[in-house]
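Visitor: For reference, the chains in residue letters:
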Amino acid sequence: MIAAALPITTLLSFGDSGYGDELAWAALRTIEISVFGYGFGIALGLGGALGKIAGPLWLKRVLGIYTTLFRALPELILIMLLYYAGTDGLNRLLSGVGLGPFQLNGLIASIFVLAIVQGAYATEVLRAAISAVPIGQLEAASAMGMSAALRFRRITVPAMLPLALPGLANLWLNITKDSALVSIVGYTELALATQQAAGVSKQYFVIYLVAQGIYLSISLTSVWLFGRLEKNLRRGQSLARAAA
Amino acid sequence: MRWDWVPDYAAALAHGLFITLLVLVVSVFLGFALAVMLALAQVRGGMISSFISKCFCNYIRGTPLLMQLYLLYYGVGSLFPLIPGVREHLQWLVRLDAIYYVLMAFTLSFAGYEGEIMRGAFLAVPRGELEAGEAIGMSGWQILRRIWLPSALYKVLPTLAGEVIGQLKSTPLAFTVPVMDLMGAAHKVMQDKYLIYEPLLLVACIYLVLTWAITSGFSLIERQIPSRRSV
Numbered sequence: 001m002i003a004a005a006l007p008i009t010t011l012l013s014f015g016d017s018g019y020g021d022e023l024a025w026a027a028l029r030t031i032e033i034s035v036f037g038y039g040f041g042i043a044l045g046l047g048g049a050l051g052k053i054a055g056p057l058w059l060k061r062v063l064g065i066y067t068t069l070f071r072a073l074p075e076l077i078l079i080m081l082l083y084y085a086g087t088d089g090l091n092r093l094l095s096g097v098g099l100g101p102f103q104l105n106g107l108i109a110s111i112f113v114l115a116i117v118q119g120a121y122a123t124e125v126l127r128a129a130i131s132a133v134p135i136g137q138l139e140a141a142s143a144m145g146m147s148a149a150l151r152f153r154r155i156t157v158p159a160m161l162p163l164a165l166p167g168l169a170n171l172w173l174n175i176t177k178d179s180a181l182v183s184i185v186g187y188t189e190l191a192l193a194t195q196q197a198a199g200v201s202k203q204y205f206v207i208y209l210v211a212q213g214i215y216l217s218i219s220l221t222s223v224w225l226f227g228r229l230e231k232n233l234r235r236g237q238s239l240a241r242a243a244a
Numbered sequence: 001m002r003w004d005w006v007p008d009y010a011a012a013l014a015h016g017l018f019i020t021l022l023v024l025v026v027s028v029f030l031g032f033a034l035a036v037m038l039a040l041a042q043v044r045g046g047m048i049s050s051f052i053s054k055c056f057c058n059y060i061r062g063t064p065l066l067m068q069l070y071l072l073y074y075g076v077g078s079l080f081p082l083i084p085g086v087r088e089h090l091q092w093l094v095r096l097d098a099i100y101y102v103l104m105a106f107t108l109s110f111a112g113y114e115g116e117i118m119r120g121a122f123l124a125v126p127r128g129e130l131e132a133g134e135a136i137g138m139s140g141w142q143i144l145r146r147i148w149l150p151s152a153l154y155k156v157l158p159t160l161a162g163e164v165i166g167q168l169k170s171t172p173l174a175f176t177v178p179v180m181d182l183m184g185a186a187h188k189v190m191q192d193k194y195l196i197y198e199p200l201l202l203v204a205c206i207y208l209v210l211t212w213a214i215t216s217g218f219s220l221i222e223r224q225i226p227s228r229r230s231v
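From first to last, the protein sequence lines stand for chains E and H. Just so you know, we're using our numbering here: the first sequence kicks off at 1 and counts up by one. Just so you know, we're using our numbering here: the second sequence kicks off at 1 and counts up by one.
It is worth saying that the hints were derived from the structure and are not from the lab. Since the structure is predicted, the reported quantities are computational estimates derived from the model, not experimental observations. Don't be surprised by glycine CBs; every beta carbon is placed ideally from N, CA and C. There could be a bad hint or two in this list.
Computed footprint of chain E on chain H; a stretch qualifies when at least three of its residues, placed anywhere within it, have a C-beta under 8 Å from a C-beta of chain E [stated by the list, open to error]:
1. 12-22
2. 73-81
3. 199-207
DMTMM-like mimics (lysine to aspartate or glutamate), calculated; alpha carbons at most 25 Å apart, straight line [said to hold, decoys possible]:
4. E:Lys-202 x E:Asp-21
5. H:Lys-155 x H:Glu-131
6. H:Lys-155 x E:Glu-124
7. E:Lys-202 x H:Glu-88
8. E:Lys-202 x H:Asp-97
9. H:Lys-169 x H:Asp-97
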């Protein structure tokens, strides 16, 4: 049972007969959940890193369990657990305050799930980078009379960013790929849209190949952008390679 | 929380665990062998083989494993019947079980990630060691087998543990192309018993134990390696 093969130009055209527009929109949604998941994940990671470095003992313990557990478990299982637990928990909360059950927006649920998984990895990357800032620089800032907040903003962040950037770049590449996993809980991003387009058109090979091309171009563009960003953040630093 | 289903599904879960471990072990071993070839192609190969190897590694590392699996299972799988003669004479190819596609996809994926790491490890072996091998008259194959590969292996061992754990963490993807691995068995429980958390939590615990086992296994191996370490 082979469906009449559409020429590739028709298959990928925008409009009713092709899947070009569906895939393009889905690719934007993949980027959307990745960007927001990444942003919130890093915010969570920054909080987690500061908590691990300077927090009270109970917070350090809680964060230790969070990062160990969430980095040891398969992303797929975490995403399924968090997706169901998140939607369930919110519904119970809402019915508790007298509002009826509520269908959680797939976009928000996906971002929430990706951010929590990402936060565990980001905590470790940022903790390592912050701990690597030479203590003398922080002491110098304190000696100049900077407050803790000012010291963090002016000294810690600019000094740790170049150290954290390679790790953060890796996390970004991971989240763009992990975002495909939310297709399993039913949010229509690129992976699920691809499955649907392939299933309807029966052109499995071509459609999957095109989708992979989109993922690959997201990755390659990101690698290039992070390379430029790193160069920018490292300006003024002397490099071992340049000295040799 | 309801756990009364566990005895009924114990056999399915055990078989699922076996499939998960099978996928892990086969893909790690075959993938590693392929990774060595990919790395050698980049380090010692000609322009064309090095370019192909580089493209392959970038493709694997730049796209989600889920999509690679779908491309193989649905995409390539749908091409087989179109090849003249396959339908009549090679029925097994058309009806190839999903597990083979999973093994293939996971092997290629591991090879892509590990190939990049092995490339760095091969390059990090001091040139003098290889020259010493040449000086006492070893052939290229002997140098590779006795000096270059073992030396590179020692260097990647700490990262290899992380890569194997990463591979373990990808194995639940197998259930998306119907393969009854550990996750597949849990998914069956979810559907049969209308449960969500219990099967997922049970599988999560099993994965934690497996991660712990791999970590301790690798640290045992690492301790066997004779080397001078500062830490």
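Visitor: For every hint, state whether the structure bears it out.
Guide: Cross-check of the supplied hints:
Under the rule that three or more residues need a Cβ within less than 8 Å of chain E, the assignment of the segment 12-22 of chain H is violated, with 0 such residues. Against chain E, the segment 73-81 of chain H contributes 7 residues with a C-beta closer than 8 Å to a partner C-beta. That satisfies the three-residue criterion, and the hint holds. Three residues within the 8 Å Cβ limit are the bar, and the segment 199-207 of chain H against chain E gives 5, so the coverage statement holds. Simply put, Lys-202 (chain E) and Asp-21 (chain E) have alpha-carbon atoms about 17 Å apart, close enough for the 25 Å limit, and the pair holds.
This hinted pair checks out: Lys-155 (chain H) and Glu-131 (chain H) have alpha carbons roughly 19 Å apart, not beyond 25 Å. Under the criterion of a C-alpha separation no larger than 25 Å, the hint pairing Lys-155 (chain H) with Glu-124 (chain E) is consistent with the structure, at around 23 Å. Note on Lys-202 (chain E) and Glu-88 (chain H): the hinted pairing holds, with a Cα-Cα distance of about 22 Å set against a maximum of 25 Å. For the suggested pair Lys-202 (chain E) and Asp-97 (chain H), the alpha carbons sit about 20 Å apart, so the restraint of at most 25 Å is met.
Straight-line distance between C-alpha atoms of Lys-169 (chain H) and Asp-97 (chain H) comes to about 22 Å, which keeps the hinted pair within the 25 Å bound.
Hint 1 from the list above is the single one not met by this structure.
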